[in-house]
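Trainee: The primary structure of each chain is shown beneath.
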Amino acid sequence: MASLSLKHIEKIYPNGYHAVQDFNLEVEDKEFIIFVGPSGCGKSTTLRMIAGLEDISEGEFLIDGVKMNDVEPKDRDIAMVFQSYALYPHMTVRDNMGFALKLRNVPQKEIDEKVEEVAKILDLEKLLDRKPKALSGGQRQRVAMGRAIVRSPKVFLMDEPLSNLDAKLRVQMRTEISKLHDRLGTTIIYVTHDQTEAMTLGTRIVVMKDGIVQQINTPEHLYNKPCNLFVAGFIGSPQMNFMDAKVEVKGKDVKLHIGDNTLTLPADKAKVLIDGGYDGKTVVLGIRPEHFGDGRKADKENTIKAAIDVRELLGAEVFLYFDVDGKQCTARVNPDVDLAQGMEGTFSLDMDKIHLFDKETEKSLLYAE
Amino acid sequence: MERNTMAYKSKQFLMFAGPALILFCMVIIIPFIYGLYLTFTSWDGVSAEKPLVGFANYVSAFKDAYFWSAIGRTLIYSAFAVIFVNIVAFLLAYMVTSGVKGQNFFRAGFFIPNLIGGIVLGYVWKFVFNRAFVAIGSAIAGGTVPSLLSTTGGAMFCLILVSVWQYAGYMMLIYVAGFMSVSDSLKEAAMIDGCTPGQAMRNVTIPLMRTSFTTCIFLSITRCFVVYDVNLSLTRGEPFFSSVMAAMHVYNKAFTYKDYGTGQAEALILFIVCAIVGITQVYVSKKGEVEA
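Just so you know, the protein sequences line up as chains A and B, in that order. With the numbering used here applied, the first sequence corresponds to residues 56 to 424, in that order. With the numbering used here applied, the second sequence corresponds to residues 102 to 393, in that order.
No lab work stands behind these hints, which were simulated from the structure alone. No experiment lies behind these values; they were computed from the predicted model shown. By construction, the Cβ of each residue, glycine as well, lies at the ideal position given by its N, Cα and C atoms. Treat each hint with caution, since some may be false.
Claimed, not checked - Derived coverage of chain B by chain A (criterion: at least 3 residues anywhere in the stretch with Cβ under 8 Å from a Cβ of chain A; other residues may be distant):
#1 279-290
#2 293-300
#3 304-310
Start from the sequences, fold in the hints, and give me the full structure.
Mentor: Have a look at this one:
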């Protein structure tokens, strides 16, 4: 297995498009790294640079301390699972899985043993003599994984491997991949635009936007301490609610005015705004849907009043959609909360869990990266 | 009207396929059947009378040594032309899909010979072989160098060369489509699996281009088997009838020697030989074809 080092990686296409800017990342052995971000953010480009399928315009890429910038993909000892699976349609599952070993002149007997062994892990034994066309999406996905595993490479690269599967199969395969990582103990770099995959699979997540790394950290850290508005909004589903709040400083107390609602900040958060000189300015308040509560029974402080636009029952929980000062908000509450569409709701805010962002720079005022 | 009735379905079929079917019958099926009828007559191609002679024309065709030597010559010519047309077309297609600068210009350039009619092409190349090459050869070697078209082997070589020049551009387009149908991710997967460019070509790209090979080989076989225009304008079957191809022999038999019935019978035999070769090739090539 291997450690990877990406130092000041840049990707500039001949037409001048700057796809990746100053990408820095140290990947430890056996880490499961997720590149996540919206379409066009440069995550796949970065993965392809690691694979050697794209040239690195500037910067250094090392595997186990050896510079790989100009090394051919076949000599990097990496395996890749493609979004389209990229199984050779004219070969059987067995041939697909053993192809890389055959190219390396591994004896046929050894290839057969290795293929059988991996097929057993992935439950592909009965499909070995079929061609990809005769397989379902999930089976093809497993063959693609098997083809990568058979080689026992230093690094696994996965480019949105679950995006062609239906929702149910995706959840199932997500679990399988997680188990495989534990079992094989390999270094994996995984690209996805699905934040749920990122949160559930990764040991560390790299959040990207417009070719720039926004934040690199563990899923918990990104969820609890996002460093900017983008990360806060991207990680978490339903996404974090954002509201413009006018700051009013009264001695050591800080009040936030959101429309007709007034909130009082806890001392630690108040200090940040006082020290930052935000008195009279507008900041962005962020709060996750689960940090809203039914405020009808709570004291009047730190509550927000709003009419319920939509109520969605998901079984174990309910999503309530409402409008606060022109911003659409979502609350995740217990199904027992008897707020229905059209009713006037009062929501309490867990003020210890709120986030504050500078409206101009969009950076978090509470958690710097 | 009930949609599930035979009458409705027939009406629907005739509405969509009727015009094309009528045209197809008029220009292909009816002339073919009429041609078949003529093989049983001793028509001279001119007179109003077409006396029936039974299978006499077929007997005469099977006894015609010149016809069979023309068929043999056509087979040799086709074998070489088909091989070289496809090799050149494949290499051209590889070049114009490899991202070389000005690849669209090259694609158009290589296709242009196919747009020039065979007669014109033959005369142009005749000038090149008889005048240009002779002049260049004479200037280099001194004295007078004979034209390639004046030797028996040379004439066949010239025919093959011109056919390759004429057809390669067309076949190139089909190979270009084949190259483009192989998805980039498969090529990339091959690179990551450890293929050199040559191995990727041999193990991934070429097997996935079988449809293109099937089509190109079939088209080139059928075209080469019935070559006439270039044959006429470039060599006229000379020297000493050494480059008379089957189609030219059939034409001469029917129109020059006014033996239309035998000519038509020989044309039918040529058609059957061509169909057997073509269908066998397609049957063999189609096996193992997969979608890229």
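Trainee: All hints are to be evaluated individually against the structure, with a verdict given for each.
Mentor: Hint-by-hint comparison with the structure:
no.: 1; hint: 279-290; verdict: holds (count 5)
no.: 2; hint: 293-300; verdict: holds (count 6)
no.: 3; hint: 304-310; verdict: holds (count 4)
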